[in-house]
Every structure is written in structure tokens, then in C-alpha cells.
Amino acid sequence: MFQKRQKNALKATSATTAAPAPGKDPASPFLEVVHLTKAFRVNGSVVTALSDVSFAAASGEMVCILGRSGCGKTTLLNIVAGFLSPTTGAVLVKHRAVLAPGPDRCVVFQQDALFPWLSVRENIAFGLRGRMKGKKERGLEVDRFLSLTGLGAFANYLPREISGGMKQRVALARVLVLRPAVLLMDEPFASLDVQTREEMQDLLVSLSEELRQTILFVTHDVDEAVRLADRILLMDRNPGRIREQIPVPLPRPRRGENTEFVFFRRKLREILRNS
Amino acid sequence: MEKSDPEKKTWRSLLPWIIPVLLLCTWAGLSRSGLLPPYLFPHPSDVMQTGYSYIFHDPGDAPYAGRFVVDLWASSTRVGAGFLLATLVGLPLGMFSGRLAVVHGVLDHFVNGLRAVPGITWLPLVMVWFGIGTFTTVFLVALAAFFPVYLNAAAGARQIDPILLHAGAMLGVRKVKGVFTILLPAAMPHLVTGLRLGLGISWAYLVLGELTGVPNGLGAVIMDARMLGRVDMIVVGMILIAVVGRLSDRCLVGGLKLCFKSARRMR
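Protein sequence lines correspond, in order, to chains A and B. Position 198 of the first sequence, counting from 1, maps to 198 under this note's numbering, and the rest follow consecutively. Position 90 of the second sequence, counting from 1, maps to 1090 under this note's numbering, and the rest follow consecutively.
The set of hints was computed from the structure by calculation and includes no laboratory data. Beta carbons are placed, not taken as given, at the ideal position from N, Cα and C, and that holds for glycine. Hints may contain errors.
[As the list claims (entries may be wrong)] With the C-beta cut set under 7 Å, the calculated list includes, among others, these residues of chain A facing chain B:
(1) PHE55
(2) PHE83
(3) LEU84
(4) PRO103
(5) CYS106
(6) ALA113
(7) GLY127
(8) PHE154
(9) PRO249
Given the sequences, and given the hints that come with them, work out the whole structure.
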């Protein structure tokens, strides 16, 4: 039995252009990254941060970008978000090129990026102002996301009065409430303690299933990638590029003590070590 | 969170009075012992009497009697006008200079050079321009208050965490709206500091402006009392400026907190 599983996993690993995970809609590539290259000029010499990166994410798919620090994964995310512009290549969301930051591609940052002068509720409502007309309608929507992220009791707290994990819940809620085409997450749980991180990962999985949210998730944590991803993009550094695309066919919920999970993780670690 | 123990609270509310009361006791002791001759520094009871007459008696009862309201009004309008002018010019310029390298490049050397010129050296020039009176005072107040307002606004705008601007951009905030929804609240602690310093220095330069010989105002009364050798009245004027200055600071902070959520929720 173990043999068979190993074979399956190997087969999955060798597939470089992965089919979208079952249940996701392959016909609509929500997010396309096409031959993206990014070069920075540092002290007069040119450093290539990203070299010919191409991939696509289907609607509702959770794609994890896994790589060691310095491989350009945050640069890639910043380009998709529109904070940086690529040297060559393009990012398309629903077939339209990305030129600037916008509410169709929201980011949950690693560090605290909440507005400190707004309460939890006001932070979540921030992006809705000007998008939803009715004040009452807006309030109901905010309430819904407060309870979805388990923040109901903290609605009137200020960011400085809540814990790091709670802050990331708010950060998640304030972008999910805008129903972005793609949710971008830049190691959002990296600075949380282990228990909180696992809680947040479970929350993210359940939210993404409920909202059928397309997610691009950057991480350096193998466990996190295996736990979350429908598909993992493995990145190399010098120059930053995608080495392999690895579908994760494991059933959910995924637990660290699960044999399949353990096997898959070991497999992935091996691949990483050889990089 | 600190416990709001009621007993502790009353004790706390007494703290600000310790130094004034101690000073007053020392002053009274020194005056009574004769170490402090009255023509240099009058007895507290004399000062209190003069103060009482200055504030509450009818005009004409005695020199300076009942002039307080008129003087206060004259001085507050000068401070108000000068401070408002400084804020209207200094705050936006400071914010621009903090955010835009071009504006910073154009303004920074000039403003800091100008700042090195002591306010008092402007007095002769301004008197030539505007003569003696309200204009001169308002100009001096505005000039003096401009620098702390400008510098703190610039510092506040400069050190806004770029991630807040990124967050704003991705949440759909456009440039102009972002000034009010993000830049202003994010810089608020610095803005409040700048405004408070500006208002404080406004009172200092008010007295300087009024020394030029305007007929009324708290500074004018002090200068007038000096010429008549009324040391008690000088002390009354000084104490009143301290009280009014402190009150105006409280009003400024209270007003800002009333108007801006970000000021209310400052740490």
C-alpha cells in the first residue's frame, strides 16, 4: 500500500504543467503570469530577481509559492499586487493586464498593516466605503466577515489592543470582504506562534472553501505549503525562477500526523534539498 | 489597563498642583522674611489683590482695574489669527515636503535657514512694514508658529509606514482621497505635537509683538506696568499668560480630539 502511494506521489511530482485540482474550474485562468522578468539595479550592477516566471491559477485554486528567502517570491507577489512593475512580461487578472494596485488583488502582509487609528470593524469596512452604497448593507457585510473570521467579540477594539493572530484575522477579513479576484498572501502567518499559525491555516482553508476564493500564497515553510496548497510552485534562487509545479492531491482536512501528509512532506523536503 | 481606583484618582488629580503650591509657599515665606524686597518682587497677597482688581473690578476703580476681558480678547484674537495663518500655510507645506522629494528639496534649506533668524530680529523690519499694532503682532506670531507646525508636519508625513500606503492603494484609495483617509490620520501624532508647540510659541511672540506699544493686550499691560514700576502687575500678567496659555493648549488638544478620530485614539 505504501509502495502504491509513493508511486502516485512521484507521478504527481513529475507533472510540471499541472492540471488544476479537482472541483476547480480550469476554463477560467483567473490569474496568469506570463514570462515575467524583474531586474533591479543595485550599486550600478544589475541583479535579476525573477527570470522568466510563468504560471496560471484557476478560479478558486490555492497556489503556494514555496522557496527559500531571497528567491524572489515576495518580489513576484509585489508585482502581481501592482506595487512593483515587471521589467518584462505581464500579469493578467481575468485576462486584463495589471498596472497598479487595486481591490481586485488584495494582499495580506506579513507585518502589521492595519490602520492603527481605526477599530477592527472600521478597518474591515475601510475598503467597502465608496464601493457599497448603503450604510446598512455595508454594516451587514462587515458583520458577516467579523463572524466568519471569529472577530465578533473584538469589533470595537483597536489594533494595538489585540494579539498578532487577531490582527492577521482582521487583515484577512478586510480584504476578503472586498471579494478580490485573487487574494495575495505574503508569509502572513510567519510571525505567529505555532498553535496560532495552525489555527489561522485552518481558518484560511475553510474560508477559501466557503468563498471559493482564488489565493496566491507565498511561504518558505514546507509544512504550510503542503497543508494549504492545491498546487505548489517551487522556486529557485539566483535567478528567481519556478523550478517545478507540484500538485498536492492530499485529501482535506490535512493533518501533520497523517501518513500521506508526512510522506508528501518528506518528498518535498528532498526536492528542496537538491535545489 | 490600570485600575481606576477612586482614591488613587483623587490623589493623581492633586499632582499638578504640588509645584505651584510649593512655589507660592516659598514666595510667601521669602517675602515675609524680608529677604525679597517688595519693589523687586511684591508679596503674594499684593499680587492677588492686583490680579483680582484687574479681572473683576469695574474699569476706572483703580489703574488696570477691569481691563482683563478687553486685554484677553485683544491678545487671543492676535494669537488666534497668527496661529491660524501659520497652520494654514505650515501644515500643508509640511505634509507636501514630507511626502514629495521635490518640495522638500525646494523648501528645506530655505525654511531651516529662515528658522535660524531669531524672531526678534524681524521686529524692526516688521515695524517698518506694518507700523505699530495688530498686524505686526499677528505677523510675528504667524512667523514663529510656522516653524514647529511645518517641521513636525514634515516629519510626520515622512515617517508614515509605506505599508499603510500600500494597504490603502490596494483597498482602492486614490491619491487625493488618500491624503485625508490615510496621510492625515497616520501623521496625526506629529501634527498634534507641531500644533501644540506652535500655539505655545504663539503666546511668547504675542508678548514680543505687543511690546511695540499697542494699547491693549496681555503683553501690552506688562510693558505698561514696567514703565510705571508696577511690579505686581507684571507678575499678574505673567501668571495670567501662563494660565491662558495652558487653557488654550487644552482647548487645542480637546478640539482636535473632538474633530479627528485619529487624534482621539492616539497613544
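(message) Interface hint check: PHE55 of chain A, Cβ to nearest Cβ on chain B, cutoff 7 Å. Holds or violated?
(response) Hint violated; PHE55 of chain A Cβ to chain B Cβ min 21 Å, cut 7 Å.
(message) So, as I understand it, the hint says PRO249 of chain A touches chain B; can you test that by seeing if any CB pair is closer than 7 Å?
(response) violated, 32 Å
(request) So, ALA113 of chain A near chain B? Judge it on the closest CB pair being under 7 Å. (result) holds, 4 Å
(request) Would you settle whether the hint for LEU84 of chain A is holds or violated, based on the nearest Cβ-Cβ distance to chain B being less than 7 Å? (result) Result: violated, 11 Å to nearest chain B Cβ.
(message) Can you verify the interface hint for GLY127 of chain A: is its Cβ closer than 7 Å to any Cβ in chain B?
(response) holds, 4 Å
(message) Just to be careful: measuring from the Cβ of PHE83 of chain A to every Cβ in chain B, is the smallest value less than 7 Å?
(response) holds, 6 Å
(message) Does the closest beta carbon of chain B sit nearer than 7 Å to the beta carbon of PRO103 of chain A?
(response) It holds, given that the least Cβ distance between PRO103 of chain A and chain B is near 4 Å, below 7 Å.
(message) Under 7 Å is the threshold here; is the Cβ of CYS106 of chain A close enough to any Cβ of chain B for the hint to stand?
(response) holds, 5 Å
(message) Using the nearest Cβ pair, does PHE154 of chain A come within less than 7 Å of chain B?
(response) It is violated, given that the least Cβ distance between PHE154 of chain A and chain B is near 15 Å, above 7 Å.
Of the numbered hints stated above, those contradicted by the structure are hints 1, 3, 8, 9, listed in ascending order.
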